[in-house]
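Visitor: What follows is each chain in one-letter form.
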Amino acid sequence: MNKSNVLKYVIPIIAVLVIAESVYLVNSLISSKDSMSKVVDIVGQDYVSDETSEEKVMLSVVSDSEDYSVGSEVTVNVLMVSKEELLADAINLYVSYDPAMTELSDLAAGEGMPKPTFEKISDKKNMVVMNYYIEDNGLAFEPGEGRILATFKAKILKAGVLNFDLSTGIEDKDSATMIVENSTSEAVPFSVSNLRVEVLE
Amino acid sequence: MKNKLGIITILILTVALAAGLVLINRNQDTRKSAHFAEAKMYLMPDELLFQKGGEELVHIYVDSGDIIGASGTNQKAKVQNIQTQICFSDNLEITGEPKDSVNYVASSGFEQVALARLEDGTNGKKCLSLAIVSDTFDNLKSGDGIDVATIKFKAVKVGEGTISINQEKSVISGENAASDSDKYIKVANVAGTNFSVVDTGGPEPTPEPTSPPTGNWPVLKFKMAFRDIDSGAKCGETISKGVSIIALGPDGSKKEYNGINVVRTEASNSKGNAIYEGMVELKDFSFADKVAIFVKGPRDLQWKYGEDKQKEFYDKAGGTLSGLTKGADTKTFDFSEFPLIPGDVTSDVEGVQDGQIDGRDYSYVKAAAAERKTVSAGEFLATDFDGDCGTYSRDINALLISIREKQEQLY
Numbered sequence: 001m002n003k004s005n006v007l008k009y010v011i012p013i014i015a016v017l018v019i020a021e022s023v024y025l026v027n028s029l030i031s032s033k034d035s036m037s038k039v040v041d042i043v044g045q046d047y048v049s050d051e052t053s054e055e056k057v058m059l060s061v062v063s064d065s066e067d068y069s070v071g072s073e074v075t076v077n078v079l080m081v082s083k084e085e086l087l088a089d090a091i092n093l094y095v096s097y098d099p100a101m102t103e104l105s106d107l108a109a110g111e112g113m114p115k116p117t118f119e120k121i122s123d124k125k126n127m128v129v130m131n132y133y134i135e136d137n138g139l140a141f142e143p144g145e146g147r148i149l150a151t152f153k154a155k156i157l158k159a160g161v162l163n164f165d166l167s168t169g170i171e172d173k174d175s176a177t178m179i180v181e182n183s184t185s186e187a188v189p190f191s192v193s194n195l196r197v198e199v200l201e
Numbered sequence: 001m002k003n004k005l006g007i008i009t010i011l012i013l014t015v016a017l018a019a020g021l022v023l024i025n026r027n028q029d030t031r032k033s034a035h036f037a038e039a040k041m042y043l044m045p046d047e048l049l050f051q052k053g054g055e056e057l058v059h060i061y062v063d064s065g066d067i068i069g070a071s072g073t074n075q076k077a078k079v080q081n082i083q084t085q086i087c088f089s090d091n092l093e094i095t096g097e098p099k100d101s102v103n104y105v106a107s108s109g110f111e112q113v114a115l116a117r118l119e120d121g122t123n124g125k126k127c128l129s130l131a132i133v134s135d136t137f138d139n140l141k142s143g144d145g146i147d148v149a150t151i152k153f154k155a156v157k158v159g160e161g162t163i164s165i166n167q168e169k170s171v172i173s174g175e176n177a178a179s180d181s182d183k184y185i186k187v188a189n190v191a192g193t194n195f196s197v198v199d200t201g202g203p204e205p206t207p208e209p210t211s212p213p214t215g216n217w218p219v220l221k222f223k224m225a226f227r228d229i230d231s232g233a234k235c236g237e238t239i240s241k242g243v244s245i246i247a248l249g250p251d252g253s254k255k256e257y258n259g260i261n262v263v264r265t266e267a268s269n270s271k272g273n274a275i276y277e278g279m280v281e282l283k284d285f286s287f288a289d290k291v292a293i294f295v296k297g298p299r300d301l302q303w304k305y306g307e308d309k310q311k312e313f314y315d316k317a318g319g320t321l322s323g324l325t326k327g328a329d330t331k332t333f334d335f336s337e338f339p340l341i342p343g344d345v346t347s348d349v350e351g352v353q354d355g356q357i358d359g360r361d362y363s364y365v366k367a368a369a370a371e372r373k374t375v376s377a378g379e380f381l382a383t384d385f386d387g388d389c390g391t392y393s394r395d396i397n398a399l400l401i402s403i404r405e406k407q408e409q410l411y
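Respectively, the protein sequence lines represent chains A and B. The first sequence: position 166 = 166 (the numbering used here), numbered continuously. The second sequence: position 118 = 118 (the numbering used here), numbered continuously.
Some hints could be false.
[What the hints assert, rightly or not] Label-pair restraints from in silico Cβ distances:
hint	chain 1	residue 1	chain 2	residue 2	range
1	B	K99	A	P99	41 to 49 Å
2	B	A267	A	G144	55 to 63 Å
3	A	E55	B	K290	28 to 36 Å
4	B	A328	A	S105	51 to 59 Å
5	B	K183	A	D136	54 to 62 Å
6	B	D308	A	T184	21 to 29 Å
7	B	D329	A	N126	45 to 53 Å
8	B	A377	A	E55	39 to 47 Å
9	A	N126	B	V156	53 to 61 Å
10	B	A18	A	E171	48 to 56 Å
[Said to hold, decoys possible] To spell it out: a stretch of chain B is covered by chain A in this simulated footprint if at least three of its residues, at any positions, have a beta carbon under 8 Å from a beta carbon of chain A; those stretches are:
hint	region
11	356-366
12	400-406
[Stated by the list, open to error] So the derived list for chain B, only partly shown, Cβ under 10 Å to chain A, looks like this:
hint	residue
13	K4
14	L5
15	L48
16	L49
17	G53
18	Y61
19	L118
20	T122
21	V133
22	D147
23	S196
24	D348
25	E350
26	V352
27	I396
28	Y411
In short, the hints are calculated from the structure, not lab data. Beta carbons are placed, not taken as given, at the ideal position from N, Cα and C, and that holds for glycine.
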């Protein structure tokens, strides 16, 4: 076999290999997102109930879980931190959720909280409701003191964006989160940090 | 040899063709889109009831939408500037300079109202062209429910209408972390506000005497009860501010009547509550059949009554009240077995009802009970729910019962 005959066979073989490799590489690039390992992002979303006054209370929906894979169960807490001394007459909490993404259970008051007047995981409005109406002088919070107001378990049903948002009454005035101060009978300004979890396959 | 080369060439071409087909079947569209996100712009509240002569605020909100092609964190577009046109019927007006009626929301990152111009629209409507902008990238918001601005409307004419967003004239620009050049966010959806303007004859309604009907309009006669007031209650003989009634027609139209006098009778319902009777001529309301009414007391939540002898929460659309006539001998509807529940006494404005029973009402009544507020027999005290002329722990308990009842309905 002379040199030119060898080239006649080698060049097409190399060409086939290059084409195969190109297809493989392009396919790998396109499908790279699908083959990523499970990634979780938690992003807080801010809201301030009163734009004209400085917040007195910070409300956060939080979870310390490290595993947000599909099928796992995480504990979600609603945390309140008062920036100053506060006597609360009433605390109305409303946390919205997506029933397609999660199944909720075991709603309970946080440690040290009084018995709620009304508590429910509502599949009618896709809302976690926890209402405290406090007798006597109200529930005392020290400056900087953090307290879990409500806790519940969330089983993750599928991949997607999992939101737990404190409802502020803008879209549904029946479900307005508020903390009412004993001394004024008025709602105190508060900020909100919601929980957003992106669950990937 | 030539045959072999031909076969190899065919094979190469076949492989190349197959590879091409594989690639074509995958999404190869990497071109830049004309917009980098699709947003929804909407007005809140989505339904508004104006008193004639009164003013209400309408909020412009934006759900900024996902950045196209983005994944992971920060995938929602940040909103920097919006331009839009808000149109409304002649029941409403913008008073004074348009710019004075529009306020941007600083906490959403906006810094000025760059444009607020009133123009004539179609069908007698007025349109407000707006530009709400931010000169810097500080505090820009992304995600759902971005509060952009408020517009103050004044109601000048009784009737119904809409406040709508002109989608064609709505544009949003925003910060795109993925590109310095693509800043355009498409307004893919818009939603406006339906409103009604009613004439209450003044902000402080007083009960109307039961005057003879004019014979021009349907007359509603009804029996009703208040959950905690029995026939012996010293401060329950009359409801000094009367009740408010909204009549709902089968076509969805509404008319509101305030300060309607209700008189306590000797009769009681099955729960021992005193039965009150009232009558109102439904002026400017042209329906006698398939009617529903909403009744609200001066310290009570509004209940819907859609059927005669109703005993529980009515959760259907429309109503079945029929047979209203134009004289005083019209049929009497009995709603006394589903009494109004008390507890709506205050809001973010002290002493003004807001249609809710929440923590503010609880704290307000609790404070009144701590003071042991009292009035003389026959007088009205908003925080006295059982008509015993004072505010005590019984009234707090009554409010908590109302809250549980309402929450069970809602949730």
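Visitor: Now tell me, hint by hint, if it's right for this structure.
Guide: Hints versus structure:
The beta-carbon spacing between B:K99 and A:P99, approximately 44 Å, falls within the hinted interval of 41 to 49 Å. Between B:A267 and A:G144 the beta carbons are some 59 Å apart, a value that agrees with the proposed interval 55 to 63 Å. Checked against the hint of 28 to 36 Å, the C-beta distance between A:E55 and B:K290 comes to roughly 49 Å, which is inconsistent with it. Distance hint check: the CB atoms of B:A328 and A:S105 are about 58 Å apart, consistent with the given range 51 to 59 Å.
Between B:K183 and A:D136 the beta carbons are some 56 Å apart, a value that agrees with the proposed interval 54 to 62 Å. The hint said 21 to 29 Å for the Cβ distance between B:D308 and A:T184, and at roughly 44 Å that hint is violated. Taking the beta carbon of each, B:D329 and A:N126 are about 49 Å apart, inside 45 to 53 Å as hinted. Restraint check, B:A377 to A:E55: a C-beta distance of roughly 46 Å satisfies the suggested window 39 to 47 Å.
Between A:N126 and B:V156 the beta carbon distance is about 39 Å. The supplied range of 53 to 61 Å is therefore violated. A C-beta distance of roughly 52 Å is found between B:A18 and A:E171, which places it inside the suggested range of 48 to 56 Å. For the region 356-366 of chain B, the assignment as covered by chain A holds, since 8 residues bring a beta-carbon within under 8 Å of that chain's beta-carbons and 3 suffice. By the rule of at least three residues with a Cβ nearer than 8 Å to a Cβ of chain A, the coverage given for the region 400-406 of chain B holds, with 3 such residues.
Annotation: interface hint on B:K4 holds; nearest CB of chain A at approximately 8 Å, less than 10 Å. Hint status for B:L5: holds, given a least beta-carbon distance of 6 Å to chain A, under 10 Å. Interface restraint check for B:L48: the shortest CB-CB distance to chain A comes to about 12 Å, outside 10 Å, so the restraint is violated. Here the hint on B:L49 is broken, as its CB sits about 13 Å from the closest CB of chain A, past 10 Å.
Because the closest C-beta pair between B:G53 and chain A is about 24 Å apart, greater than 10 Å, the hint is violated. Hint status for B:Y61 relative to chain A: holds, with the closest Cβ pair at about 8 Å, below 10 Å. Annotation: interface hint on B:L118 violated; nearest CB of chain A at approximately 26 Å, more than 10 Å. Given the 10 Å rule on beta carbons, the hint for B:T122 is violated: about 30 Å separates it from the nearest Cβ of chain A.
The closest approach between the C-beta of B:V133 and any C-beta of chain A is roughly 18 Å, which is over the 10 Å cut-off, so the hint fails. At its closest, the beta carbon of B:D147 sits 8 Å from a beta carbon of chain A; the interface hint therefore holds under the 10 Å criterion. Restraint check, B:S196 versus chain A: the minimum CB separation of about 17 Å is more than 10 Å; hint violated. Taking 10 Å as the C-beta cut-off, the interface hint given for B:D348 holds, the closest approach to chain A being about 7 Å.
For B:E350, the suggested interface contact is upheld, since its CB lies about 8 Å from the closest CB of chain A, less than 10 Å. Contact between B:V352 and chain A, as hinted, is not supported at the beta carbon level, the nearest pair being about 13 Å apart and thus beyond 10 Å. Annotation: interface hint on B:I396 holds; nearest CB of chain A at approximately 8 Å, less than 10 Å. At its closest, the beta carbon of B:Y411 sits 4 Å from a beta carbon of chain A; the interface hint therefore holds under the 10 Å criterion.
Figure legend: structure checked against the earlier numbered hints; hints not met, in rising order: 3, 6, 9, 15, 16, 17, 19, 20, 21, 23, 26.
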